[in-house]
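*Asks:* Following the hints, position chain B against chain A.
These are the residues of each chain, in order.
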Amino acid sequence: MLSNNEILETINMVKEEHFDVRTITMGISLLPCIRESAEKTADAVYDTICKRAENIVKVGEELSAMYGVPIVNKRISITPASLLTANFVGEEIVLARALDRAAKTVGVDFLGGYSALVHKSMTAAERSFINSIPEVLATTDKLCSSVNVGTTRSGINLDAIKLIGEIIKKSADLTADKDGFGCAKFVVFCNAVEDNPFMAGAFHGIGEGDTVINVGVSGPGVVHHALKNVPDADITEVAEVIKKTAFKITRVGQLIAKEAAKRLNAEFGIVDLSLAPTPVVGDSVGHVLEEMGIETVGGHGTTAALAILNDAVKKGGTMASPRVGGLSGAFIPVSEDIGMIESTAAGVLTLSKLEAMTAVCSVGIDMVAVPGDTPASTISAMIADEMAIGMVNSKTTAVRVIPVPGKTVGDYVEFGGLLGRAPIMQVMNVSAEKFINRGGKIPAPIHGNKN
Amino acid sequence: MKSIITVIGKDKAGIIAKVSTKLADNNINIEDISQTIMQNYFTMVMLVEISNSKLDFTNLVCEMKALGEEIGVDVYVQHEDVFNSMHKI
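Each protein sequence line maps, in turn, to chains A and B. Under my numbering, the residues of the first sequence are numbered 1 to 451, in order. Under my numbering, the residues of the second sequence are numbered 1001 to 1089, in order.
The following block holds chain A by itself, in its conformation from the complex (with noise of 0.2 Å):
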């Protein structure tokens, strides 16, 4: 039997604790709808959509009131947009176009896989589907896109890392009049992952099957509450609470996506225990990390207390789910953790030490904002930057930034919604063009060859 503590301290996490799963996103293979003319493949993928997503938003609605967890998000992935548009090189937008009116037709919140797959090298469709990525995130609503550009098996594409550089800055100039906003719906990978739920990432990879159902938990809110009530442990003490909080967690999200699943007649994919922060207080990873005990996120030990976070985190759901996938551990978008957003404003937070946290997190340089002025080999420098930490340490990494058009350090760039505030980071101003424009691959690291 229940006790009552059990019982309140369940709805004081969803009531005081922002607890909430964050999206149900629904996996769509959408490989047997290509056809031999863009206009016909878009016809079928949208048809396949509506048709397989119908329920999506219904079935999330009504699992929220029954278990009494709201349920943040609807969401669908497909199959990597590039190859679908393989065939109809320069028409990629016809695609796109029937993407985005089939998400708004079933009513989710975004539908994620705008993306192509260039780590180890890059097709001409591959190059002209990444060239139409800009244009497309101008002018659609729901559409995220994604490249992956390198993985500890292949090494890393230094030549898709130039065109990326390019890609965000053209992105930015094309959504100025909405601070860039363009670029706060792509991210760059190394070993991206097939099975992600969250946003902008997610795709539905192709050793994926027809229908899944993947769901992410959020919850950095009841890791904050649970720490505040042992002010004293040591720090092993410490990771063991975060890890029964990850447990507990992770059991709701399963519990959803096998409902889920079930109601809307698709298989099982993975539960993503990811600490996802959003911009309201009492919901940050920032906050965790200074409740542990550094005075400010971004402060030195910022890295070891992450590094112990992401790993109690990852720890608590493994045991709580049969099937633990895509990112699961802390993410550290600075736009969307007011505790990230804080200390960047007082100058703590720096994009260095970001870039060390991203080696012991799940995730990278996320949501972050940077001089609109800023060089586009630098923006791939940057990338170069992240992608080595992943390939290294056989990791995910990623970059999502934001060249604020007409916006400079100091100033601060307003998203709304999830995606929250940022005040725009320095850039280091030192060229790296010479680096960038030399082009090809970069090796794979010797662990990267195990057979």
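Keep in mind the hints are simulated off the structure, nothing from the lab. Even glycine gets a Cβ: it sits at the ideal position worked out from N, Cα and C. Treat the hints loosely; a few may be bogus.
[Said to hold, decoys possible] Derived CB-CB ranges, DEER-like:
1. A/Asp373 - B/Glu1070: 55 to 65 Å
2. B/Cys1062 - A/Gly282: 39 to 49 Å
3. A/Arg101 - B/Ala1066: 34 to 44 Å
4. B/Thr1021 - A/Arg101: 43 to 53 Å
[Said to hold, decoys possible] Straight-line C-alpha distance at most 30 Å; calculated DSS-like pairs for lysine-lysine:
5. B/Lys1088 - A/Lys58
6. B/Lys1022 - A/Lys58
7. A/Lys120 - A/Lys395
8. A/Lys142 - A/Lys40
9. A/Lys104 - A/Lys262
10. B/Lys1018 - A/Lys15
11. B/Lys1010 - A/Lys228
12. A/Lys58 - A/Lys228
13. A/Lys228 - B/Lys1088
14. A/Lys40 - A/Lys58
15. B/Lys1002 - A/Lys244
16. A/Lys262 - B/Lys1002
17. B/Lys1022 - A/Lys15
18. B/Lys1018 - A/Lys262
19. B/Lys1088 - A/Lys258
20. A/Lys244 - B/Lys1054
21. A/Lys15 - A/Lys315
22. A/Lys262 - B/Lys1065
23. A/Lys15 - B/Lys1065
24. B/Lys1054 - A/Lys262
25. A/Lys15 - B/Lys1088
26. B/Lys1065 - A/Lys58
27. B/Lys1054 - A/Lys15
*Replies:* Same frame as chain A, now just chain B:
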């Protein structure tokens, strides 16, 4: 199907009566009930059987929430699986 109904709020006369009348009206059976005062708040937890409920789950949640607002307390209705998942291995 079993659910947990939790009522939290300032203590006053008639809370149990109003909540249980509403449940009886909708053919919902109370299988277990406990109440206590925690940190000056009235807290009641009920285990109920809703298989024969006249209302579907979403409507039951809405009706009980509305009743809570009328009385001046918070009323939560949740499927018991969410608690079992979180607290039982």
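*Asks:* Does each hint hold? Answer for all of them.
*Replies:* Taking the hints in turn, this is what the structure says about them:
{"no.": "1", "hint": "A/Asp373 - B/Glu1070: 55 to 65 Å", "verdict": "59 Å, holds"}
{"no.": "2", "hint": "B/Cys1062 - A/Gly282: 39 to 49 Å", "verdict": "26 Å, violated"}
{"no.": "3", "hint": "A/Arg101 - B/Ala1066: 34 to 44 Å", "verdict": "37 Å, holds"}
{"no.": "4", "hint": "B/Thr1021 - A/Arg101: 43 to 53 Å", "verdict": "50 Å, holds"}
{"no.": "5", "hint": "B/Lys1088 - A/Lys58", "verdict": "29 Å, holds"}
{"no.": "6", "hint": "B/Lys1022 - A/Lys58", "verdict": "27 Å, holds"}
{"no.": "7", "hint": "A/Lys120 - A/Lys395", "verdict": "17 Å, holds"}
{"no.": "8", "hint": "A/Lys142 - A/Lys40", "verdict": "21 Å, holds"}
{"no.": "9", "hint": "A/Lys104 - A/Lys262", "verdict": "24 Å, holds"}
{"no.": "10", "hint": "B/Lys1018 - A/Lys15", "verdict": "24 Å, holds"}
{"no.": "11", "hint": "B/Lys1010 - A/Lys228", "verdict": "26 Å, holds"}
{"no.": "12", "hint": "A/Lys58 - A/Lys228", "verdict": "37 Å, violated"}
{"no.": "13", "hint": "A/Lys228 - B/Lys1088", "verdict": "24 Å, holds"}
{"no.": "14", "hint": "A/Lys40 - A/Lys58", "verdict": "29 Å, holds"}
{"no.": "15", "hint": "B/Lys1002 - A/Lys244", "verdict": "26 Å, holds"}
{"no.": "16", "hint": "A/Lys262 - B/Lys1002", "verdict": "19 Å, holds"}
{"no.": "17", "hint": "B/Lys1022 - A/Lys15", "verdict": "24 Å, holds"}
{"no.": "18", "hint": "B/Lys1018 - A/Lys262", "verdict": "36 Å, violated"}
{"no.": "19", "hint": "B/Lys1088 - A/Lys258", "verdict": "17 Å, holds"}
{"no.": "20", "hint": "A/Lys244 - B/Lys1054", "verdict": "38 Å, violated"}
{"no.": "21", "hint": "A/Lys15 - A/Lys315", "verdict": "26 Å, holds"}
{"no.": "22", "hint": "A/Lys262 - B/Lys1065", "verdict": "28 Å, holds"}
{"no.": "23", "hint": "A/Lys15 - B/Lys1065", "verdict": "14 Å, holds"}
{"no.": "24", "hint": "B/Lys1054 - A/Lys262", "verdict": "24 Å, holds"}
{"no.": "25", "hint": "A/Lys15 - B/Lys1088", "verdict": "21 Å, holds"}
{"no.": "26", "hint": "B/Lys1065 - A/Lys58", "verdict": "20 Å, holds"}
{"no.": "27", "hint": "B/Lys1054 - A/Lys15", "verdict": "28 Å, holds"}
In summary, the numbered hints that this structure violates are 2, 12, 18 and 20.
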